[in-house]
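This is what each chain is made of:
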Amino acid sequence: MSTADVVLALLSRGPAHGYDLKRGHDTWFDQGRPLAFGQVYATLARLERDGLAAVAHTETGGGPERTVYEITPSGRARLAAWIDEPAEPAAPGADELIRKTVAALRLGLDPAGFVARQRAAHLRRMRALEQAPATDPTSRLVVEHAVAHLDADLRWLEVAAGYVAADGVAAPVRLLDHVAADDHADVDADDHADESAADHSDDHSDDRSRA
Amino acid sequence: MTPQSTPGDLPGTPPADHLAAADRVPAGAVLEAHGVQHAYRRTVALRGVDLRVEAGEVVAVTGPSGCGKSTLLHAAAGLLVPQAGTVTLLGRDLARLTEDERALLRRREVGIVLQFGQLVPELTAVDNVALPLLLDGHPADGARRLALDWLQRCGAEDVAATMPSDMSGGEAQRVAVARALVTGPSVVFADEPTGSLDTLAGRQVLGLLVAAVRERGASLVIVTHDNTVAARSDREVRLVDGAVAAEAVLR
Ligand SMILES: Nc1ncnc2c1ncn2[C@@H]1O[C@H](COP(=O)(O)OP(=O)(O)OP(=O)(O)O)[C@@H](O)[C@H]1O
Ligand SMILES: [Mg+2]
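Note that the protein sequences, when read in sequence, are chains A and B. For the first sequence, position 42 (counting from the first letter as 1) is numbered 42 according to the working numbering, and the numbering increases by one without interruption. For the second sequence, position 62 (counting from the first letter as 1) is numbered 62 according to the working numbering, and the numbering increases by one without interruption.
Please note: incorrect hints may appear among the correct ones.
Covered stretches of chain B (chain A as the covering partner; in silico rule of three or more C-beta atoms under 8 Å from a C-beta of chain A) [to be verified]:
1) 219 to 231
2) 235 to 246
Distance windows between CB atoms, simulated [claimed, not checked]:
3) A:Val142 to B:Gln152: 27 to 37 Å
4) A:Ala36 to B:Gly56: 34 to 44 Å
5) B:Leu135 to A:Asp110: 47 to 57 Å
6) B:Leu200 to A:Ala42: 40 to 50 Å
7) A:Ala42 to B:Gly56: 49 to 59 Å
Under 10 Å between C-beta atoms, here's a sample of chain A residues computed to sit facing chain B [what the hints assert, rightly or not]:
8) Gly113
9) Ala120
10) Leu129
Note that these hints are calculated values from the structure, not bench results. Quick caveat: nothing in here was measured; it's all calculated off a predicted structure. Note that beta-carbon positions come from the ideal geometry of N, C-alpha and C, so glycine has one too.
Please build the complete structure, drawing on both the sequences and the hints.
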């Protein structure tokens with residue numbers, strides 16, 4: 001996410017000075033890293049240079065002088081264009097999780113242990129997110145997004161764990177080809193590969209009705 | 001106020017001599033399972049599983065399909081007696097109880113939510129929820145009032161007078177959760193309670209179950225495939241091929 005776009009979005013609500021914008025940002029993204037003051041002012045300077053924001057006036061009463069900014073018409077156009085364009089889905093291959101998992105599996109460095117530790121870390125993070133009090137409905141949305149991503153990572157890790165369990169040698173080679181596949185059937189079949197076919201029907205309800 | 005029955009007042013409460021000293025769980029544990037093994041004909045479902053659940057703890061049991069989760073849950077809840085190993089539930093060695101004694105223990109002190117077909121088809125929602133109380137000789141009026149109260153807490157008051165065949169999957173699950181909680185159990189076992197629901201509906205029912213259990217300080221063992229449900233637990237126990245493959249403390 002670009003800070004400039006978010007600052008423009010905040011400015012579109014009405015004229016504001018740097019501190020207002022920082023506070024606005026930190027309220028919208030209260031699970032994320034707070035916006036540094038230096039970054040606010042650098043961003044405002046860039047927006048002003050590009051004609052997307054302009055100085056509205058300067059407040060002098062009491063404390064230090066404060067510059068109040070407002071969005072310009074081309075700033076509004078730029079904001080609308082940003083909102084219109086869907087966000088780029090996270091690029092595969094660049095993620096630290098993928099880098100580590102692939103390395104752990106390819107190197108055979110206790111892959112099952114790696115998956116278990118990564119799973120625990122993800123679940124803990126998910127639990128913390130679920131428990132964080134949502135200050136307003138949109139901050140809840142931001143949490144939901146993070147949770148959905150963690151869930152996707154966990155499903156992918158489960159596929160990775162399935163390959164490890166099924167075949168420690170072939171697994172590393174196959175892993176990247178199957179990144180997107182939430183292939184439970186595959187995992188299950190591998191899981192029972194050593195059981196007798198006569199006893200193990202694919203359909204559990206069948207098994208139960210015979211019992 | 002949390003509706004709650006008082007099992008001690010009821011007729012037929014198992015006498016104290018069922019709590020022989022050797023059967024007592026260590027302080028704080030509501031469930032202690034040791035070396036549990038079970039096979040269905042030649043399919044080995046559990047290969048020596050240990051599971052301990054503390055009072056007030058929410059434990060998620062996860063793992064690939066067929067790894068033995070349901071078998072473990074059924075053994076822990078006294079729905080089946082495993083071929084080897086011991087299960088001590090609320091201070092009772094389950095293998096040493098008769099079938100009737102296990103049924104009584106389940107009805108009075110344990111809440112159970114299963115995936116399908118658990119509501120009595122001939123009874124309305126409110127009568128389904130009141131059933132465990134009625135079976136224990138509670139006056140019908142009070143039992144129905146408590147049942148309605150729980151249906152309301154579970155967001156199912158609209159179907160109070162509805163028969164199971166006329167409920168949606170989500171409604172039936174809410175009713176099942178209300179029935180599991182109506183007796184004020186100190187431990188609840190839930191097996192894929194949202195398996196038949198879409199994600200959002202399932203998570204709502206689950207959220208409700210976990211919140212109700214936590215509010216009472218009861219314990220919950222929940223089998224799930226949903227990571228967000230596992231993430232609401234205090235500890236995840238992961239089974240692979242009939243054995244505990246990993247445990248993660250999330251608290
Ligand atoms: N009544 C039965 N008769 C025969 N085999 C059974 C019976 N119940 C379970 N099994 C087998 O025992 C093994 C463990 O089954 P279980 O139902 O405990 O797994 P699970 O982890 O709950 O699976 P799922 O996630 O699909 O519900 C499986 O191989 C299953 O096919
Ligand atoms: Mg099952």
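Take a look at whether the Cβ-Cβ distance between Ala42 (chain A) and Gly56 (chain B) falls inside 49 to 59 Å.
-> With Cβ atoms ~50 Å apart, the hint holds.
Okay, Leu135 (chain B) versus Asp110 (chain A) on CB: inside 47 to 57 Å?
-> holds, 52 Å
Leu129 (chain A) as chain B interface residue, shortest Cβ-Cβ below 10 Å | Since the shortest Cβ distance to chain B is 8 Å, the answer is holds.
Is it true that the C-beta distance of Val142 (chain A) to Gln152 (chain B) lies inside 27 to 37 Å, as the hint says?
-> Holds, at about 32 Å.
Minimum Cβ distance from Gly113 (chain A) to chain B below 10 Å?
-> holds, 8 Å
When the least beta-carbon distance from Ala120 (chain A) to chain B is tested against 10 Å, hint result | holds, 4 Å
For the stretch 235 to 246 of chain B, does the count of residues with a C-beta closer than 8 Å to a C-beta of chain A reach 3?
-> holds (count 6)
For the stretch 219 to 231 of chain B, does the count of residues with a C-beta closer than 8 Å to a C-beta of chain A reach 3?
-> That given contact holds, which follows from 4 residues of the stretch 219 to 231 of chain B lying within Cβ reach (below 8 Å) of chain A.
Ala36 (chain A) versus Gly56 (chain B) beta-carbon gap, inside 34 to 44 Å or not | holds, 42 Å
Please test the hint of 40 to 50 Å on the beta carbon pair from Leu200 (chain B) and Ala42 (chain A).
-> holds, 41 Å
This entry satisfies every hint, going by the numbered hints stated previously.
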